[in-house]
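Chemist: Build the full structure now, drawing on both the sequences and the hints.
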Amino acid sequence: HLQAAAAAQLARQLGLKRVFVLADEQNGGFEHYFGRAARELAVRVVGTAIWDPEAKSYRGLALRVRRSGADGVYLGGHLSANGGKLLRDLRAALGSRVAVIASDGFLPIADVVTAAFPVSGSCPGPLLPKDKARAAPLTAFHGTADPVLQIKWGREAVNAFKEQGNQAELREYEGVGHA
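Quick note on my numbering: the sequence shown kicks off at 21 and runs consecutively.
If you're looking for bench data, these hints aren't it; they were derived computationally from the structure. Since the model is a prediction, treat every value here as computed from it, not as a measurement. Misleading hints may appear alongside valid ones.
[To be verified] Below, computed lysine to aspartate or glutamate pairings styled on EDC-like, alpha-carbon distance capped at 20 Å:
1) Lys37 <-> Asp151
2) Lys105 <-> Glu74
3) Lys172 <-> Glu192
4) Lys105 <-> Asp72
5) Lys182 <-> Asp166
Modeler: The following block contains the structure:
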């Protein structure tokens, strides 16, 4: 699985030292491939687990990841295996300082955002990066005539990401309302 090795390389590029590997029931081999590449890159795998796609909550699993001291999590699996709930519970337990790297089973990214972060127009305070925490590059899209979610909220969120040293941009659509 080349993508697991690529994920280990990304973990190294992000400066991660301790990664917890999670996989859904159909992708249990990811921890082997990620682990093998990680060892060669001096990235330590501090734990592995299989997530149950039928679980109502992943809070216990997320707390296990937190207790491991991981500075990153690799998700080898699929968004359709309740990955959105898993992401929400991980973020609730880990905050924004722990990086999350996911396999291509979490594409397209628009589906991840919809499933994991049920918000639009802005980014709620708890999800904004703090203390110079790394975040994936962000591109926000917003209509200037949105009567539901003011354009200023999108601007404020993008500026908050930039102020923390992250790459962020806002694409504004003149005269477009709420979509």
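Chemist: Next step is simple, just say for each hint if it's right about the structure.
Modeler: Evaluated hints:
The suggested pairing of Lys37 with Asp151 holds, with an alpha-carbon distance near 18 Å, which does not exceed 20 Å. At most 20 Å may separate the alpha-carbon atoms for a hinted pair to count; Lys105 and Glu74 meet this at roughly 10 Å. Under the criterion of a C-alpha separation no larger than 20 Å, the hint pairing Lys172 with Glu192 is consistent with the structure, at around 11 Å. Restraint check for Lys105 and Asp72: satisfied, since their Cα atoms lie roughly 11 Å apart, inside the 20 Å limit.
Taken as a hint, the Lys182 and Asp166 pair is broken in the structure, with Cα atoms around 23 Å apart against an allowance of 20 Å.
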